[in-house]
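**Student:** Sequence:
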Amino acid sequence: MDKARIAKMERELQCNPYDRFMQFHVLKADEDDTELVFHNVGTKWGNPNGTLYGGVLYSMADSAMETACAVAGKAVLTLDLAMNYLRPALADTVICAKTHILHNGRTTMVVVCDFYDDSDRYLAHGKGTYFVTGAYQYQSDKGETADEG
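The sequence shown begins at 1 in our numbering and counts up by one.
Worth double-checking, as some hints may not be accurate.
Said to hold, decoys possible - Across the chosen pairs, the derived CB separations fall in these ranges:
no., residue 1, residue 2, range
1, Tyr18, Arg87, 20 to 26 Å
2, Arg11, Gly42, 25 to 31 Å
3, Gly42, Tyr85, 27 to 33 Å
4, Leu27, Thr108, 25 to 31 Å
Stated by the list, open to error - With a straight-line cut-off of 30 Å between C-alpha atoms, the simulated DSSO-like cross-links for lysine-lysine are:
no., residue 1, residue 2
5, Lys142, Lys28
6, Lys44, Lys8
7, Lys127, Lys3
8, Lys127, Lys44
9, Lys98, Lys127
In short, the hints are calculated from the structure, not lab data. Treat the numbers as computed from the prediction; the structure is a model and nothing was measured. C-beta: ideal position from N, C-alpha, C; glycine also.
Please work from the sequences and hints to get the whole structure.
**Tutor:** Put into C-alpha cells, the structure is as follows:
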C-alpha cells in the first residue's frame with residue numbers, strides 16, 4: 001500500500017467541497033483499486049425509514065469511481081452511473097466503497113464500486129461509465145480547492 005499516494009489522493013478528494021462536506025476519506029489508492037470510507041454517524045443522513053438515504057451511496061460511488069480514474073491518471077466526466085441497493089445501511093456504521101477498473105480506454109473508463117459496512121455486510125453495487133477528457137491535473141498541487149475557482 002502506497003501511503004504517499006493515499007495521502008495525495010486524500011488531499012485531492014478534500015479539494016472538492018462536496019466530498020469535504022460529506023467527510024469521505026481515502027483508505028486505498030492503487031492503480032486498479034481504490035477505497036473510500038464514510039462514517040454514518042447518527043441519523044444525520046437518514047431517510048424516514050431510519051436507514052441511510054440512498055443518494056449518499058450514489059454520490060459516494062461517483063466520488064470513489066472518479067478517484068479511481070484520477071489514480072489511473074485520467075480526468076473524467078460521468079456518462080452513466082447505476083446502483084443496485086442490496087441491504088440498508090444503518091446509523092452509526094462505517095461504510096467502505098471499494099472500486100475496481102473494468103475498462104481503462106483512451107476515451108472511456110468503466111468502473112465498479114461495491115459497498116460494505118463495518119460488519120462486512122454487502123450493501124450495494126454500482127457501475128459507472130466515464131468519458132476521458134485528458135490527463136488528470138492535481139488541484140492539491142496548485143494549492144487550490146474547487147470552491148476557490
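**Student:** Would you mind marking each hint as holding or not holding in the structure?
**Tutor:** Do the hints match the structure? See the list:
For tyrosine 18 and arginine 87, the Cβ-Cβ distance of about 25 Å falls inside the hinted range of 20 to 26 Å, so the restraint holds. Arginine 11 and glycine 42 have their C-beta atoms about 27 Å apart, which keeps the hinted 25 to 31 Å range intact. Taken as a hint, the range 27 to 33 Å is violated for the pair glycine 42 and tyrosine 85, whose Cβ atoms sit roughly 21 Å apart. For leucine 27 and threonine 108, the hinted distance range of 25 to 31 Å is satisfied, since their beta carbons lie about 26 Å from each other.
For the hint linking lysine 142 to lysine 28, the alpha-carbon distance of about 23 Å falls within 30 Å, and the restraint holds. About 29 Å separates the Cα atoms of lysine 44 and lysine 8, which keeps this hinted pair within 30 Å; it holds. With a CA separation close to 27 Å, the supplied pair lysine 127 and lysine 3 stays within the 30 Å bound. A threshold of 30 Å between alpha carbons decides the hint, and for lysine 127 with lysine 44 the separation of about 26 Å falls inside it, so the pair holds.
A hinted pair counts as satisfied when its Cα atoms are at most 30 Å apart, and lysine 98 with lysine 127 qualifies at roughly 11 Å.
When the structure is compared with the earlier hints, a violation turns up for hint 3 alone.
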